[in-house]
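A.B. asks: Full structure from sequences and hints, please.
Those protein sequence lines, which keep their order, are chains Y and Z.
The first sequence begins at 10 in our numbering and counts up one residue at a time.
The second sequence begins at 10 in our numbering and counts up one residue at a time.
Check the hints yourself; a few may be wrong.
Below, computed lysine-lysine pairings styled on DSS-like, alpha-carbon distance capped at 25 Å [claimed, not checked]:
(1) Y:K149 / Z:K97
(2) Y:K102 / Z:K125
(3) Y:K97 / Z:K149
(4) Y:K102 / Z:K97
(5) Y:K125 / Z:K102
(6) Y:K97 / Z:K97
(7) Y:K102 / Z:K102
(8) Z:K102 / Y:K140
Just a sample of chain Z residues kept apart from chain Y, beta carbon distances all over 10 Å, derived [said to hold, decoys possible]:
(9) D45
(10) W120
(11) T213
Some chain Y residues close to chain Z (C-beta under 8 Å, calculated; not the full set) [claimed, not checked]:
(12) Q39
(13) G43
(14) L44
(15) Y88
(16) H138
Calculated from the structure, these hints are not laboratory results.
Idealized CB from N, CA, C, for every residue including glycine.
There are 2 protein chains.
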Amino acid sequence: MYNPAHFTETDRAEIERLFHACPLAALVAQTGDGLDANHLPLLREGEGFVGHVARANPVHALLPDGAPVLAIFRAGDAYVSPNWYPSKAETHKAVPTWNYQVVHVHGTIHWSHADKDKRRAVALLTARHEKETNGDAAWKMGDAPADFLAGLLDQIVAFRIAVTRVEAKSKLNQNRSAADIGGVAQALESRGNQTVAQAMRRATKG
Amino acid sequence: MYNPAHFTETDRAEIERLFHACPLAALVAQTGDGLDANHLPLLREGEGFVGHVARANPVHALLPDGAPVLAIFRAGDAYVSPNWYPSKAETHKAVPTWNYQVVHVHGTIHWSHADKDKRRAVALLTARHEKETNGDAAWKMGDAPADFLAGLLDQIVAFRIAVTRVEAKSKLNQNRSAADIGGVAQALESRGNQTVAQAMRRATKG
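C.D. replies: Have a look at this one:
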């Protein structure tokens, strides 16, 4: 990814926040059938990630254990109009751009058909998202009939991603003045894009 | 992409709507340096797409003209709790899932360093997004000083993508009853995820 220094995200806390805020990753790989991508919720675990795919998904057969993958975690994005830069009125030296935050995780994929790994991947993902969504009313795997659950677990394959490299980019007008950044953040807020506006304010504080 | 029949998006109008609604594509390719992705606004033109990259972006040197690329256009997404299915209270046969819409465009990339192609790519993208953003107050390339603009155009490379295959997926609980779909759409609406809720309602009408 083209990632000039002024847009490179180096804040580890911000990168972990993005993994958490945007869990549905695009898991990309080069297979014998060409470029492939699947959209899967990934859970951070230690320095890696865990997840699962449908057993009917050919990806676990197309990609041998240890094959290179790229997991893309992307947050909000926004078109940025030159009209929103206060400096534009003076210099007219402004063109449109696009703001966004993204983390690219390069790594290798490792599959497991073991029941314990599949139960664990599902349980961890469920626990995290149910807690955030329903708090004390969280759904638990034990709420489903055991035979129904066993049937579903039979239809998935678990995986973990061992990370080789993380590249993060916060493209948030850091190459403009504080006044221009403020103007864009305000315009995005007034248009309901709080995600990018807040990311811009976080980046400015840093 | 794993794309079972009940989730395969076949509605051409919906696919074109997604290209328009989510213009910031992840442009993925296998390069000599490994898997690469850049996040670029793409503009539909005829059966293909146009865009541009920074000349400082090594991708236009790493990918020879005609190299295969995958452009991923993704709309909103949402965790779906089993608690939101009315049928769960009766059968308990439900587990969490994730809803989303995505279009994968497989094609080949074709670069251009010609001034007219670069101006055209920028002008088309600008015209579209300024019209949507600012209507009659749209910024135009002519608003910037000519020498400033020439300097910027010198720093980009234009490209077009010739499409070989389009795969679209609307994963919106179509494998559940109308009551369950309604329950999920209502829960997402109450949590402010109008994008996915509205997509679910569109898919149900289809």
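A.B. asks: Take the C-alpha atoms of K102 (chain Y) and K97 (chain Z), compute the straight-line distance between them, and say whether it is at most 25 Å.
C.D. replies: violated, 58 Å
A.B. asks: Less than 8 Å between beta-carbons is the criterion; does Y88 (chain Y) satisfy it with respect to chain Z?
C.D. replies: holds, 5 Å
A.B. asks: With a cut-off of 8 Å, does the beta carbon of L44 (chain Y) approach a beta carbon of chain Z closely enough for the hint to hold?
C.D. replies: holds, 4 Å
A.B. asks: Between K97 (chain Y) and K97 (chain Z), does the CA-CA distance stay at or below 25 Å?
C.D. replies: violated, 56 Å
A.B. asks: Under the criterion of a CB-CB separation shorter than 8 Å, is H138 (chain Y) in contact with chain Z as hinted?
C.D. replies: Hint holds; H138 (chain Y) Cβ to chain Z Cβ min 5 Å, cut 8 Å.
A.B. asks: With a cut-off of 8 Å, does the beta carbon of Q39 (chain Y) approach a beta carbon of chain Z closely enough for the hint to hold?
C.D. replies: holds, 4 Å
A.B. asks: Hinted pair, alpha-carbon criterion (25 Å max): K102 (chain Y), K125 (chain Z). Please report holds or violated.
C.D. replies: The hint holds at about 21 Å.
A.B. asks: Quickly compare the C-alpha distance for K102 (chain Z) and K140 (chain Y) to 25 Å and report which way the hint goes.
C.D. replies: Judged against 25 Å, a Cα distance of about 20 Å means the pair holds.
A.B. asks: Going by Cβ atoms, does T213 (chain Z) stay more than 10 Å from chain Y at every point?
C.D. replies: About 21 Å separates T213 (chain Z) from the closest Cβ of chain Y, which puts it past 10 Å; holds.
A.B. asks: Taken at face value, is the distance from the CA of K102 (chain Z) to the CA of K125 (chain Y) at most 25 Å?
C.D. replies: Cα-Cα ~21 Å, so holds.
A.B. asks: Please verify that the nearest CB of chain Y lies beyond 10 Å from W120 (chain Z)'s CB.
C.D. replies: holds, 14 Å
A.B. asks: Quickly compare the C-alpha distance for K97 (chain Y) and K149 (chain Z) to 25 Å and report which way the hint goes.
C.D. replies: Given that 25 Å is the threshold and the Cα spacing comes to 12 Å, the pair holds.
Against the hints set out earlier in the document, violations occur for numbers 4, 6, 7 and 9.
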